[in-house]
Amino acid sequence: MGYMEEFKELVEVIARLRAKDGCQWDREQTHSTLRPNMIEEAYEAVDAIDDNDLKHLQEELGDVLLQVLLHSQIASEEGAFSIEDVSRELKEKLIHRHPHVFGNVKVNSTDDILNNWDKLKAEEKTHRKSAMDGISKAQSALMSAQKISKRAVKTGFEWPNEKSLYDCIYSEFEEFKEAEAEGDREHMEEEYGDILFATVNLARWNKIDAEQALLKANKKFMKRFRKMEELATKPLSDYSFAEYDALWKQSKKQVG
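Position 107 of the sequence shown, counting from 1, maps to 107 under my numbering, and the rest follow consecutively.
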């Protein structure tokens, strides 16, 4: 069976699940109730990519596709759009944004391709008046900060050099200390946000994905903490700071 037949049957399965005599759970779902599933499945697919587990990735990509098909089926039932509409719009977008493949545009580098992409996207999104328009309100704050930073830079709003960026980060720490000394928690929260945003700029400057960097740091910390739990000879809550620090260093040495 070819992929078109497989895909057609999959779409029919989704429609069957949503039918009156289908699955009660599937029938009860809406775009809103499925929202957390879309996020969760996407992150699980990313986990499989990070683990280089292709078998798991195959499964998780199926779960992501399931979300696309469910939303499309719900929209079809409402008369809004169908999976065919989704596919057609994506196809037309890809062709339009790749004139160096489907047209006569000549490019010399990946930068040329990305610049063309941005120009063509801007032509499509004429309703957007600000460089900040179109940034997702649902994605993580860290991902939003990265996109906001990149959008600002494209308009020319950039640090003259990396030293000035470091100076900005240091100044944000000083402002946080001042807010802390004042005992103003709202001001502290504001300044802490500025620290995070400034460090996102540092990541962008060095072409580092801040979201991925933090995800890796989270995984590394959990790995080391689990090793600490294995190595501990008494409840961790009974350890002094010096003992905790020594155990952490031992864990770090063993697991990296």
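Check each hint, because a few of them may be wrong.
Calculated lysine-lysine pairs in the DSSO-like style (CA-CA distance at most 27 Å, straight line) [unchecked claim]:
#, residue 1, residue 2
1, LYS227, LYS207
2, LYS227, LYS216
3, LYS93, LYS129
4, LYS106, LYS93
5, LYS91, LYS20
6, LYS55, LYS219
7, LYS207, LYS219
8, LYS106, LYS55
9, LYS234, LYS220
10, LYS93, LYS121
Derived Cβ-Cβ restraints for the label pairs, each shown as a range [unchecked claim]:
#, residue 1, residue 2, range
11, HIS127, THR155, 13 to 21 Å
12, GLU174, ALA122, 34 to 42 Å
13, ASN52, GLU190, 34 to 42 Å
14, GLU174, LYS91, 25 to 33 Å
15, VAL101, ASN206, 27 to 35 Å
16, MET132, GLN212, 19 to 27 Å
17, ASN206, SER171, 39 to 47 Å
I should point out that these hints are in silico values taken from the structure, not numbers from a laboratory. Beta carbons: idealized from backbone N, C-alpha and C, even for Gly.
Just pull the numbers of the violated hints for me, sorted ascending. Violated: hints 1, 5, 8, 14 and 17.
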